[in-house]
Structure formats: structure tokens, C-alpha cells
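Peer 1: Given the structure of chain A, go ahead and fit chain B onto it with the hints provided.
Spelled out from the first residue to the last, the chains are:
Number of protein chains: 2
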Amino acid sequence: MSQQASVYSLSTPAVLIDENIVDNNIARVQKYMDQAGLKARPHIKTHKIPEFAKKQLAAGAVGITCQKISEAEIFADAGIDDILLTFNIMGDEKLAALKALHERITLTVVADSKHTIDGLAETFGAEKPLRVMVECDTGGQRCGVQSPREALELAQHIEAQAGLKFVGLMTYPMPNTEDDVEAFFEETAGLLKRENIECEVFSTGGSPSLFSAERTTIANEYRAGTYIYNDRSLVRAGHCGFDDCAMHILTTVVSRPTETRAVLDAGSKALTSDLLGFSDFGYVVDYPEAVITGLSEEHAVVDLSACSKKPEIGEKIRIIPNHTCVVSNLMDNIYVHKGGAFDRKIEVAARGRVW
Amino acid sequence: MSQQASVYSLSTPAVLIDENIVDNNIARVQKYMDQAGLKARPHIKTHKIPEFAKKQLAAGAVGITCQKISEAEIFADAGIDDILLTFNIMGDEKLAALKALHERITLTVVADSKHTIDGLAETFGAEKPLRVMVECDTGGQRCGVQSPREALELAQHIEAQAGLKFVGLMTYPMPNTEDDVEAFFEETAGLLKRENIECEVFSTGGSPSLFSAERTTIANEYRAGTYIYNDRSLVRAGHCGFDDCAMHILTTVVSRPTETRAVLDAGSKALTSDLLGFSDFGYVVDYPEAVITGLSEEHAVVDLSACSKKPEIGEKIRIIPNHTCVVSNLMDNIYVHKGGAFDRKIEVAARGRVW
Numbered sequence: 001m002s003q004q005a006s007v008y009s010l011s012t013p014a015v016l017i018d019e020n021i022v023d024n025n026i027a028r029v030q031k032y033m034d035q036a037g038l039k040a041r042p043h044i045k046t047h048k049i050p051e052f053a054k055k056q057l058a059a060g061a062v063g064i065t066c067q068k069i070s071e072a073e074i075f076a077d078a079g080i081d082d083i084l085l086t087f088n089i090m091g092d093e094k095l096a097a098l099k100a101l102h103e104r105i106t107l108t109v110v111a112d113s114k115h116t117i118d119g120l121a122e123t124f125g126a127e128k129p130l131r132v133m134v135e136c137d138t139g140g141q142r143c144g145v146q147s148p149r150e151a152l153e154l155a156q157h158i159e160a161q162a163g164l165k166f167v168g169l170m171t172y173p174m175p176n177t178e179d180d181v182e183a184f185f186e187e188t189a190g191l192l193k194r195e196n197i198e199c200e201v202f203s204t205g206g207s208p209s210l211f212s213a214e215r216t217t218i219a220n221e222y223r224a225g226t227y228i229y230n231d232r233s234l235v236r237a238g239h240c241g242f243d244d245c246a247m248h249i250l251t252t253v254v255s256r257p258t259e260t261r262a263v264l265d266a267g268s269k270a271l272t273s274d275l276l277g278f279s280d281f282g283y284v285v286d287y288p289e290a291v292i293t294g295l296s297e298e299h300a301v302v303d304l305s306a307c308s309k310k311p312e313i314g315e316k317i318r319i320i321p322n323h324t325c326v327v328s329n330l331m332d333n334i335y336v337h338k339g340g341a342f343d344r345k346i347e348v349a350a351r352g353r354v355w
Numbered sequence: 001m002s003q004q005a006s007v008y009s010l011s012t013p014a015v016l017i018d019e020n021i022v023d024n025n026i027a028r029v030q031k032y033m034d035q036a037g038l039k040a041r042p043h044i045k046t047h048k049i050p051e052f053a054k055k056q057l058a059a060g061a062v063g064i065t066c067q068k069i070s071e072a073e074i075f076a077d078a079g080i081d082d083i084l085l086t087f088n089i090m091g092d093e094k095l096a097a098l099k100a101l102h103e104r105i106t107l108t109v110v111a112d113s114k115h116t117i118d119g120l121a122e123t124f125g126a127e128k129p130l131r132v133m134v135e136c137d138t139g140g141q142r143c144g145v146q147s148p149r150e151a152l153e154l155a156q157h158i159e160a161q162a163g164l165k166f167v168g169l170m171t172y173p174m175p176n177t178e179d180d181v182e183a184f185f186e187e188t189a190g191l192l193k194r195e196n197i198e199c200e201v202f203s204t205g206g207s208p209s210l211f212s213a214e215r216t217t218i219a220n221e222y223r224a225g226t227y228i229y230n231d232r233s234l235v236r237a238g239h240c241g242f243d244d245c246a247m248h249i250l251t252t253v254v255s256r257p258t259e260t261r262a263v264l265d266a267g268s269k270a271l272t273s274d275l276l277g278f279s280d281f282g283y284v285v286d287y288p289e290a291v292i293t294g295l296s297e298e299h300a301v302v303d304l305s306a307c308s309k310k311p312e313i314g315e316k317i318r319i320i321p322n323h324t325c326v327v328s329n330l331m332d333n334i335y336v337h338k339g340g341a342f343d344r345k346i347e348v349a350a351r352g353r354v355w
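Line order of the protein sequences matches chains A and B. Counting from 1, position 332 in the first sequence corresponds to residue 332 in the numbering used here; the numbering is continuous, with no gaps. Counting from 1, position 77 in the second sequence corresponds to residue 77 in the numbering used here; the numbering is continuous, with no gaps.
Be a bit skeptical, because a hint or two may be false.
As the list makes no split between identical chains, a pair holds if one copy fits it or if it spans any two.
[Unchecked claim] List of simulated lysine-lysine pairs, DSS-like, C-alpha gap at most 30 Å:
| # | residue 1 | residue 2 |
| --- | --- | --- |
| 1 | Lys310 | Lys338 |
| 2 | Lys345 | Lys54 |
| 3 | Lys114 | Lys310 |
| 4 | Lys193 | Lys54 |
| 5 | Lys338 | Lys39 |
| 6 | Lys99 | Lys31 |
| 7 | Lys193 | Lys309 |
| 8 | Lys345 | Lys99 |
| 9 | Lys54 | Lys309 |
| 10 | Lys114 | Lys309 |
| 11 | Lys345 | Lys128 |
Since the hints were derived computationally from the structure, they do not count as laboratory data.
Bound-form chain A, shown alone (with noise of 0.2 Å):
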């Protein structure tokens, strides 16, 4: 494809990302972290692609955050030094791989139990030890430890180990519950500092709430992923508009069975049936009323029975997803553009890493 042509003529479906939106959404949140003195290091889960990661960094990023360990191969071997694994690592394999990848380049991982600080402790040695943050539960209800007193015990628990280092607490927060973030975090810190054990780092993160990162008084570092792309969630959640959205799902209209019915051929191969609390699957930019229904794997069922204007069949259209980060892990390339004019294909590099 030349660069002088228009992406809309791509085959479908297709993942378009304007680079003038990424670029612009980059600098928007940077500007916001400087401005709120909170490191950003951003989840990469998003675009899974080195090259963003890297525009992440020359814009102010201090590191990124990757969740497995395949992924931050992947961005070290492109030349990123500075990474932060959110993820409990254990199993032999896993482990060697870790120990590979720690040898060269700053790395730190998370621990939310003394089973995983032994498998680490195992592995590392006091060379070179490997930084440990505790991961904390602050109402995620996910992983995490549940209570600042098992966080003051499993820093104590790494920091008693010759190949260990422990550098600071960890949360991945629900949306709006920064009160209960800083609390885990201050009440945390007080025993760590009664320990006198130092706690260089207070991380929490998440695109839905990041424009009231500024609140905290403790936390000092902010993950953040679906910020570059956004998405239909986020703009739910007033973090954008759907201007802000860089990715759009490129599809044809393949069938036109009914008055208001359309199918495109783009099901949960390319949209994912993540709802996100949605009831449907997807903002249909180009026909803002019409409804997707319903998924197959390579179908949409489009309902246009509240659209003044319907779609023919042939004529392409563009949807904005409910969930950016599970369309890129989907694809094995997206197709960037300026505004519409193609620019560059670029693989998706980190797609598909399961561990």
C-alpha cells in the first residue's frame, strides 16, 4: 500500500491507529504525570508494540510495565532497559528466563507471598539482586496481600534475602478508589518506616481514574496502559472523547439480510467479546445509532433499527472497541495513519505471549 492511499480502502477487517491521536494522548498524560510529580511508566499491554513503547519514553516515561515475562523480552530485546513486571514469576523455566532477562537490563518484579519470594530468592544471588515490590490489595480483589502487616512482612521476608532487594509497594486499583490506595499505601509505609526499611516506590495505576492521579500524597509512580489508544470504555468513564480514540476496527458491511439488520466481518476474532459492563460490543463511529447485537467469531449482527440513515452492503465503516488492549493482542499487525493517509504497517511484536 502507498503511503499516498487512504487506509479506508485496506482490506477487513483491519486495526487502523492514527498516529497524530497516539502522539497527542502521549503527550496529554505525560504532561498531566509531570505536572501531578508522578513517574510515569506505562503497561504496554496496550499496543504491545516497541516503537510506542519508545515514543512513551522520549516524551518523559521513566520505564514501562510489562505483565509477563515473553512481553518484556520482547520490548528488551528492542532496546528497553528499564522494566517493571507485574506479575507473580515462579516455575524453574520462568524463573531461568527471568534471571536471563534480569542480567541485562533493570528490572523489578512484584510478590504478593512468601512462596513466590523463595522461588525468586532461589534464583537470584547477591551480585546482582533482583528489586521486589510487594503487590497490595488495596480493593482490586485480585492479587495482592490483604492487610499492611502482611506487606511489612513479606518486605521483611525479601529483604532478607542475599539476592532480593525490596524497592516498594505495588496496587492495581479499581476506578475512584484512590482514598482506599492512599491508605493501604500511608498505613504501609508508617510500618516499613518503624522497620526502618526503605520504600523507594508507591506504584498504582489505570487509565480510567489517571486524570485524578494528582490527589495522592504517596504514591510517586503511575501505570498506566489503554491512555495511548483509548477506547469505548474510556470514554464511558470521561477519561476522552471518542475523538481521542486512535484505534478503529476497519469492516465491511457483508450482508444486508434484513431492513435493520447488517453483518460486518468483524466478530470476536477482531472485536473480542470483552462488554466491560457494556450490553454491546463495540461504538459504530460511522452510524453512531446502530447497535452490534451480537458476535460470532467472524461475524457482527448489527441491529440499524434506530438509524435514520443505514449502511449499503460493501460500504466499509469503522468501530471503536469497547477494550483496546484484547483487539491488539489479536493482531499481527496494525495499519497506522495521519488523519487517514496509511503511513506504515507494523507488527505487532508482543501479541500473543501467554507467559
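Peer 2: Chain B alone, transformed into the frame defined by chain A:
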């Protein structure tokens, strides 16, 4: 990994496929189809692996079904020469790819509109007409013509094109709608006969109600996919038992934050968000009382409240997914075993093909 090793020692998440169960599932369904007098044309969307399609053909299938050109190309490359593509193909680039594919195999496609037919007609010539079926909506409310009268009109339109040959009717039915399929096919067959239009194939499908397919008096070809692996949805449908499910997702308990909560290292990137009417995200084989209440991309949150025995951190546990096809699409590789003994790793060659 050596062939003596147990697959349960693999790093997680990993998709395990028990080949003994695969072979049994193929044999059972082929035998049923033979007895019912139906040609089997398995849908490869479930496994996306040429080697497994060849098992289905060796058992007696007449050909395969694909949903996308890029899938079909991979199976044609592997030597499979009779493919039904159950999708409205349109657009210059795809029509060119379709023509190239048609040069080298016996290819049949479907259409449910004059728009689709006209695109095909412009692409194919009388020297080797393309085989085209009319897709009928018999209640599935996805693609397909709405009435036998429309089906006739499209059959006539196909027959009027030098480069196309009408070969039959195809439907993707909802489970337990055999009577609607029969009525639609019968009425259309009558209309076609009156116009002296030959109709070679009456194609229906779907795994959930596969074992009632013998009741048809008109369908002569059956497309099913999921039966090769089976999954939780097919157990619920009464098609099979959990012991007939060939796919397990092997995961590790990476966190036990509370007495009743476990977190696994398999999230929506491994299990997918497909609920298929369930309220949770998979069946935990090793702890049947456990409930997977939530997924994020890399974590499953499991409620252990109902479990008398509870898994420990580091323990590996197996999950049967709600929907097996979408899991295959996420995986670069699967691990084939026989009753737990590792046999080989297979690339999911047609994974992630979106067009």
C-alpha cells in the same frame, strides 16, 4: 520437552490437547454421519491445524469448511483440495485471492446477496466456474436470505453468470431448529425444481445438536467444528461429557490472597471472555466446585468458597473452556499428549487469520 515427560510439567498457561480424545471424537461423529447418510464437512475453525483436518478427512469427511480466505489458503497449502468457504467474499483484494485459490483446489463459496454474486461474477470465468451456494437464514439471524423465494432468485442470478455455478443451499442454524431448516430447504427445493435448477448440496451444521442430524429428510451435508475438541458448552448441550473434552488449559495458581480466593495465570488472553450463556469463565477440572468469577487479560480470579479442598500457590490446575474455538485462535502452539504423556507441539497454523 521429551516424549516421556508429563504435559503437566509445562510452563503455564499452555493449551493441552489429548490426541486419544481427538481421535475418539472424530471417529464417533464420522460414524454417526455415515449412519445418518450425511456427508461430513468439518469446520476447521476449532483447531486451525492442517494435521487435524487430515485426520478428519482420513476418517471419511468429504472436505473441510473454512470461514476466511486466509484460513483456506493455509489448508490448501497443506494439500487439502476441497474447501467450502462459508462467507460472503467481496472487495478486489479478496476476490483476487479467491481466484488464485480457486485455480488450485475445488472451491465452493456462499452468497446471500446480488452484491456478493456480482463481485464473484466479475472475477470468475466460464473456463472454470466457481461453485456458489445460497446462504439461508433459517432462524440464526445472522447472514442469509430471508425466504425460499429470495433463495430462488439468487440461485437464478448465480445461474445467469457464465463464471458461476449454483450448487446448493447452506444454513447456519440455531440449535434445535431442525424443523425450520427442513421447512426452508424443502420449500426452496420445490421452487428450484419447478425452475429446473439442480440443487446438489443441502448443507446444515453445528455441533450442539449434531446428534439429531439424522432426523433430516433433505440435508445431505453437515458442517460441525467444535466436536473435535468439545468444550463446556457442548457438555451443557448434552453432546458429550467432560471426559470427552480434548482441550485443557493448564494454569498455575499464582496467588492465594485470601482463604477463598485463588488467582490463576490464565486470563482473557487464554480463556477468552466468551460466556456462551455461562455466568463464569470455564470449568475447573481439578476443583469442580471452584468458580472462575472474573478475568482480566492475564489473571483469572477464582472463588473457592464451595471447595472442600483448596489448591495451593504454585499448583497447576486444568480448565475446560466455555468455548474451545476462540482459545485456539489465541495460541501460537498447542501441546499434544496421550493421557498426559507429552507427544508433540503443533503450531496453530491458521491462528489469527482475520480476512
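Peer 1: Quick one: which hint numbers does this structure break? Sort them smallest to largest.
Peer 2: 4, 6, 7, 9 and 11
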